[in-house]
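Residue numbers (the working numbering), protein chains in the order written: chain G, 2 to 190; chain B, 2 to 429.
Just so you know, these hints were derived from the structure itself, not from any lab. There could be a bad hint or two in this list.
On the chain B side, residues computed to face chain G include the following (Cβ under 8 Å) [as the list claims (entries may be wrong)]:
| no. | residue |
| --- | --- |
| 1 | N8 |
| 2 | Q19 |
| 3 | H21 |
| 4 | K22 |
| 5 | G26 |
| 6 | R27 |
| 7 | W30 |
| 8 | E36 |
| 9 | I43 |
| 10 | N47 |
| 11 | I260 |
| 12 | P297 |
| 13 | M298 |
| 14 | V299 |
| 15 | D301 |
| 16 | S302 |
In silico negatives: residues of chain G with every beta carbon more than 10 Å from chain B [said to hold, decoys possible]:
| no. | residue |
| --- | --- |
| 17 | E55 |
| 18 | Q71 |
| 19 | T75 |
| 20 | G80 |
| 21 | I85 |
| 22 | R95 |
| 23 | E125 |
| 24 | E164 |
| 25 | R183 |
| 26 | E185 |
Glycine included, every Cβ here is placed at the ideal spot set by N, Cα and C.
Read off the chains here:
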Amino acid sequence: MILKGQNIGNIDLKRLIAGCLAKDRSCQKEIYSVYSPAMMALCMRYTKDRQEAEEVLQDGFLQMYRSIQQFKNTGTFEGWLRKIMINCALQKYRRKSDRFSTVTISEELNYLPSVLSVLNQLQEKELIRLIQSLPPACRLVFNLYVFEGLKHREIAQLLEISEGTSKSNLFDARTILKKQIRKEFKIAK
Amino acid sequence: MKDSFQNHVDNLFREMLQFHKKEPGRRVWENIEKELDKENKIALANKSKRGLKKISGLVLLSFFLSSSLLYYGVHLVLQERSVIAVNIKKSGTGKRTLKPIKSFPNGLVSIESNHTAKPHFIPGIGIEITDPNFVFLNMIHSPVSLGADFIPVITKDQVFQSMTFPVNRPLSLHPFAGEHIIKLQQPKFRDKFSITPYFSQEFAGYNFTDNDITAPNGKEIEKAERNIFSASVGVYFNYKINKRWMLQTGFSYSWSRSIMDSSQSYAVMNASGDIAFKLNTASGFSFLHSPPFIVPMVGDSMATAKTHSELHYITVPLVLSYRIPMHRFTLLAGMGMTFNVLTHATLETDIYGANYKQNESEIPLRGLKKINLGLLIKTEIQYPLTSKMVVSLISSFKNTLGPINMNSSSLSAYPYNFGIGAGIVYLF
Numbered sequence: 002m003i004l005k006g007q008n009i010g011n012i013d014l015k016r017l018i019a020g021c022l023a024k025d026r027s028c029q030k031e032i033y034s035v036y037s038p039a040m041m042a043l044c045m046r047y048t049k050d051r052q053e054a055e056e057v058l059q060d061g062f063l064q065m066y067r068s069i070q071q072f073k074n075t076g077t078f079e080g081w082l083r084k085i086m087i088n089c090a091l092q093k094y095r096r097k098s099d100r101f102s103t104v105t106i107s108e109e110l111n112y113l114p115s116v117l118s119v120l121n122q123l124q125e126k127e128l129i130r131l132i133q134s135l136p137p138a139c140r141l142v143f144n145l146y147v148f149e150g151l152k153h154r155e156i157a158q159l160l161e162i163s164e165g166t167s168k169s170n171l172f173d174a175r176t177i178l179k180k181q182i183r184k185e186f187k188i189a190k
Numbered sequence: 002m003k004d005s006f007q008n009h010v011d012n013l014f015r016e017m018l019q020f021h022k023k024e025p026g027r028r029v030w031e032n033i034e035k036e037l038d039k040e041n042k043i044a045l046a047n048k049s050k051r052g053l054k055k056i057s058g059l060v061l062l063s064f065f066l067s068s069s070l071l072y073y074g075v076h077l078v079l080q081e082r083s084v085i086a087v088n089i090k091k092s093g094t095g096k097r098t099l100k101p102i103k104s105f106p107n108g109l110v111s112i113e114s115n116h117t118a119k120p121h122f123i124p125g126i127g128i129e130i131t132d133p134n135f136v137f138l139n140m141i142h143s144p145v146s147l148g149a150d151f152i153p154v155i156t157k158d159q160v161f162q163s164m165t166f167p168v169n170r171p172l173s174l175h176p177f178a179g180e181h182i183i184k185l186q187q188p189k190f191r192d193k194f195s196i197t198p199y200f201s202q203e204f205a206g207y208n209f210t211d212n213d214i215t216a217p218n219g220k221e222i223e224k225a226e227r228n229i230f231s232a233s234v235g236v237y238f239n240y241k242i243n244k245r246w247m248l249q250t251g252f253s254y255s256w257s258r259s260i261m262d263s264s265q266s267y268a269v270m271n272a273s274g275d276i277a278f279k280l281n282t283a284s285g286f287s288f289l290h291s292p293p294f295i296v297p298m299v300g301d302s303m304a305t306a307k308t309h310s311e312l313h314y315i316t317v318p319l320v321l322s323y324r325i326p327m328h329r330f331t332l333l334a335g336m337g338m339t340f341n342v343l344t345h346a347t348l349e350t351d352i353y354g355a356n357y358k359q360n361e362s363e364i365p366l367r368g369l370k371k372i373n374l375g376l377l378i379k380t381e382i383q384y385p386l387t388s389k390m391v392v393s394l395i396s397s398f399k400n401t402l403g404p405i406n407m408n409s410s411s412l413s414a415y416p417y418n419f420g421i422g423a424g425i426v427y428l429f
């Protein structure tokens, strides 16, 4: 039995995947236990709140169980599962009508050292909350750019937007983050 | 400075959250489990369906092989034309529409699932879709008759094997159909010939032209005489030229009885030089017997009571009819000629004077042509009763093309009649 959130070796992973292929419920649960905390954190970043994150997580795991026979050992299982989760998050936003509403930010950035110093002191929970406070489009682009390391061209392709829009969304995301920090921590301009 | 800030923010988020883990709520796994259970149930059901389909396929295949062989045997014994008819029953409506068949270039036939073809029929295997998801296959071993609108009339006792299979499966379940089982033979008499015995009540009248102004004119006779009963009984032999056209002939026996009011007859010299009382009717004239003890002189007159006259004809019609299918009914509209042969023409009356009365019966009517031609326009409405019997309501209009009287007659009569009757069409 593998403990929750524990890293697993190749042998265990193969056993679990084989069990999932055979629709073995204990294997399905084990694989969930191992990967759900990391995937939950990922879903939290892509969604506006915990409830939505759990919905995406649920959809992602179900999708993984349904299509586990498609997993080839060319990459890591976690990487494959991450892609599934991100796709589920994207699908969720695509279903929404205001999925890529633009945010107009007129304020000029002032990169004050005080903001940076506050950022350095923030905990993971607060960082996630900051990301969740972003508009959906900005949040997606920010996540894909910062965490997945995608280029604007790739993001544009994935989200079916222009490269310029992707850049704009990223810029807006950063601006909003800064505004939020300034507002919440009462930092003067 | 701007770039460094951006990089710093990005790096900070990345470093802090890259390996961040967050425990999901317990209900997430519970929901996943529920979904997985549901999917497993569906998968199990699908697996069972697939198994059933496989078993059904095997049963179906064995059925087709056996039934095909059986049909082939019946086919050989009965020497019938093969039939493929797709009979679709729309659920709920109760309506049945015959659907298509396809002929292969080599004269073999196969069933196709194309429902756009026009209703068509070839008489052995019927497919009936009784459910949107299933096709019901009937194999028919006896002749299937044409109904009123080309729909074969298939009775239960004609179906000797039947089974059901999914409608969405390509109808290639009869793999040897084209090669061994269903072969179209040249049509025999079947569908081409039929007979229609019928009876028709007629309402007759005359059109007149006067040839002798000294004799009673047509108007007077028309006023005095009226038809009291007219009818025909006969048989039509029907030959279907093609799907639409039909040639009809046959024979009929018709009789007509008229009554004439009291009138005067005058003594005239007949062709043999004898003097006799001549009684004119619409359809001819008669020489009456003289009352006893009276030697008639030309110009003498004698009163007659009401006079009954009868004409009997044998008629041979020749009609070209056009068939118009209307759902279960078929309308036939035809026009043609009749050849009418006079077989019997008599009258019966009473003559009377001041102190006598004498009955005159079976007095031959004279001055009538033995043969005349007529125009016939008729319509039939047919409705199938069984596979071989069709009931037919017949209406007709007949009018002679020339006078029925000889040229020497003082009066030319052109009889006409409207007939309404019924017949039974027996399909060979």
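Status of the I260 of chain B interface restraint (C-beta, 8 Å, chain G): Result: violated, 93 Å to nearest chain G Cβ.
Hint status (Cβ of H21 of chain B to nearest Cβ of chain G, threshold 8 Å): 4 Å, holds
Separation of E55 of chain G from chain B, once the least beta-carbon distance is taken, above 10 Å: 5 Å, violated
Go through the hint on M298 of chain B and say holds or violated, using the shortest Cβ distance to chain G against 8 Å. Not OK, violated: M298 of chain B not within 8 Å of chain G, min 119 Å.
Restraint outcome when N8 of chain B is required to lie within 8 Å of chain G by C-beta distance: Where the cut-off is 8 Å and the nearest Cβ of chain G is about 10 Å from N8 of chain B, the hint is violated.
So is I85 of chain G really clear of chain B, every C-beta pair being over 10 Å apart? 13 Å, holds
Is the interface hint satisfied for N47 of chain B? The criterion is a beta-carbon contact with chain G at less than 8 Å. Status violated, d = 14 Å.
Can we trust that E125 of chain G is non-interface, i.e. its beta-carbon lies farther than 10 Å from all of chain B? 5 Å, violated
Hint validation: I43 of chain B versus chain G, beta carbon distance must be below 8 Å. Holds or violated? 12 Å, violated
Exclusion check [E185 of chain G not at the chain B interface, CB over 10 Å]: Holds, because the least Cβ-Cβ distance between E185 of chain G and chain B comes to about 15 Å, which exceeds 10 Å.
Quick check on W30 of chain B please, does its C-beta sit within 8 Å of some C-beta on chain G? 6 Å, holds
Cut-off 8 Å, beta-carbon criterion: hint that D301 of chain B touches chain G: 115 Å, violated
Violated hints, listed in ascending order, are 1, 6, 9, 10, 11, 12, 13, 14, 15, 16, 17, 23; each of the other numbered hints is respected by the structure.
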